[in-house]
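Undergrad: What follows is the residue order along each chain.
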Amino acid sequence: AQSVSQHNHHVILSEAASLELGCNYSYGGTVNLFWYVQYPGQHLQLLLKYFSGDPLVKGIKGFEAEFIKSKFSFNLRKPSVQWSDTAEYFCAVNGFNAGNNRKLIWGLGTSLAVNP
Amino acid sequence: NAGVTQTPKFRVLKTGQSMTLLCAQDMNHEYMYWYRQDPGMGLRLIHYSVGEGTTAKGEVPDGYNVSRLKKQNFLLGLESAAPSQTSVYFCASSPYSGGAETQYFGPGTRLLVL
Chain W
3 AQSVSQHNHH VILSEAASLE LGCNYSYGGT VNLFWYVQYP GQHLQLLLKY
53 FSGDPLVKGI KGFEAEFIKS KFSFNLRKPS VQWSDTAEYF CAVNGFNAGN
103 NRKLIWGLGT SLAVNP
Chain X
38 NAGVTQTPKF RVLKTGQSMT LLCAQDMNHE YMYWYRQDPG MGLRLIHYSV
88 GEGTTAKGEV PDGYNVSRLK KQNFLLGLES AAPSQTSVYF CASSPYSGGA
138 ETQYFGPGTR LLVL
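Chains as they are written, first to last, in the numbering used here: chain W, 3 to 118; chain X, 38 to 151.
Hints were generated in silico from the structure; no laboratory data involved. Treat the hints with care, since some could be wrong.
[Unchecked claim] To be clear about the criterion: a stretch of chain W counts as covered by chain X if any three or more of its residues have a C-beta under 8 Å from a C-beta of chain X, and this derived list gives those stretches:
id : stretch
1  : 47-53
2  : 109-115
[Claimed, not checked] To give an idea of the interface, some chain X residues facing chain W are shown, with a C-beta separation under 10 Å as derived from the structure:
id : residue
3  : Tyr70
4  : Gln74
5  : Met78
6  : Leu80
7  : Arg81
8  : Leu82
9  : Tyr85
10 : Phe127
11 : Glu138
12 : Thr139
Cβ atoms here follow ideal geometry from the backbone N, Cα and C, with glycine treated the same way.
Isolated chain W, as found in the complex (with noise of 0.2 Å):
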């Protein structure tokens, strides 16, 4: 079965501090990779992701994101968090089977606190 691990749940930082968050996923076939935020008291909204193309992208606020497929990694970076980067967030992932499921797979999300 598909599954997403994100292997820090509280991280807390002070500004300016870079930032590191991992995801791990385990499927063997094409996926497309995802991270979410959740601002306090907010929906949740995209923040990146990838299905092709260069390995390497970046999303709103200064984040970017590597997927290295030999890894089943797709971890997210930021290199000077700002105090409104406290939130959580979430790497998701579509793995594609037999019956192409449109289904993400979630990790449990990470919490990001910021000291300003």
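Given the coordinates of chain W, assemble chain X onto it according to the supplied hints.
TA: Using the frame of chain W, we list chain X on its own:
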């Protein structure tokens, strides 16, 4: 363009009561989803729909029913609420575009079952 809207925003139920959560989208999306979000458990898919008139079970369908009579609406029903159904419920929709579809989420419904 309102995107995805959910009604109600907050509800308190007593055990055994029933209710329906309404999700509406104005983006003409084919796919719609109902998730529940619980602390430490991330998002779990309850039911989903790949088009008007269709529904399918997700990871945690027990205790819930859904209907998609109109393309723009996806209803989630709780026939007999239980305290274990206390959660935040999110509806989402996505277009059909070959697999890399972004899901667009509603603002959520907070449900407390006493």
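Undergrad: If a hint holds in the structure, say so; if it doesn't, say that too.
TA: Right, here's what the structure says about each hint:
Interface restraint, the stretch 47-53 of chain W with chain X: holds (4 residues with C-beta to C-beta distance below 8 Å; minimum three). Taking a C-beta to C-beta cut-off of 8 Å, the stretch 109-115 of chain W contributes 3 residues in contact with chain X, enough for the three needed, and the coverage statement holds. About 8 Å separates the beta-carbon of tyrosine 70 (chain X) from the nearest beta-carbon of chain W, less than 10 Å, and the hint is met. A distance limit of 10 Å between C-beta atoms decides the matter here; for glutamine 74 (chain X) the minimum to chain W is near 9 Å, and the interface restraint holds.
Annotation: methionine 78 (chain X) was flagged as interfacial toward chain W, and the flag holds, the nearest CB pair being 7 Å apart, inside 10 Å. A cut of 10 Å between beta carbons decides the hint on leucine 80 (chain X): the least distance to chain W is about 5 Å, and the hint holds. The criterion of a C-beta within 10 Å of any C-beta in chain W is met by arginine 81 (chain X), whose closest approach is roughly 8 Å, and the hint holds. For leucine 82 (chain X), the interface hint holds, since its Cβ comes within 10 Å of a Cβ in chain W; the closest pair sits about 6 Å apart.
Annotation: tyrosine 85 (chain X) was flagged as interfacial toward chain W, and the flag holds, the nearest CB pair being 7 Å apart, inside 10 Å. Satisfaction of the interface hint for phenylalanine 127 (chain X) is found here, the shortest Cβ-Cβ separation to chain W being roughly 7 Å, below the 10 Å cut-off. Interface restraint check for glutamate 138 (chain X): the shortest CB-CB distance to chain W comes to about 7 Å, inside 10 Å, so the restraint holds. Annotation: threonine 139 (chain X) was flagged as interfacial toward chain W, and the flag holds, the nearest CB pair being 5 Å apart, inside 10 Å.
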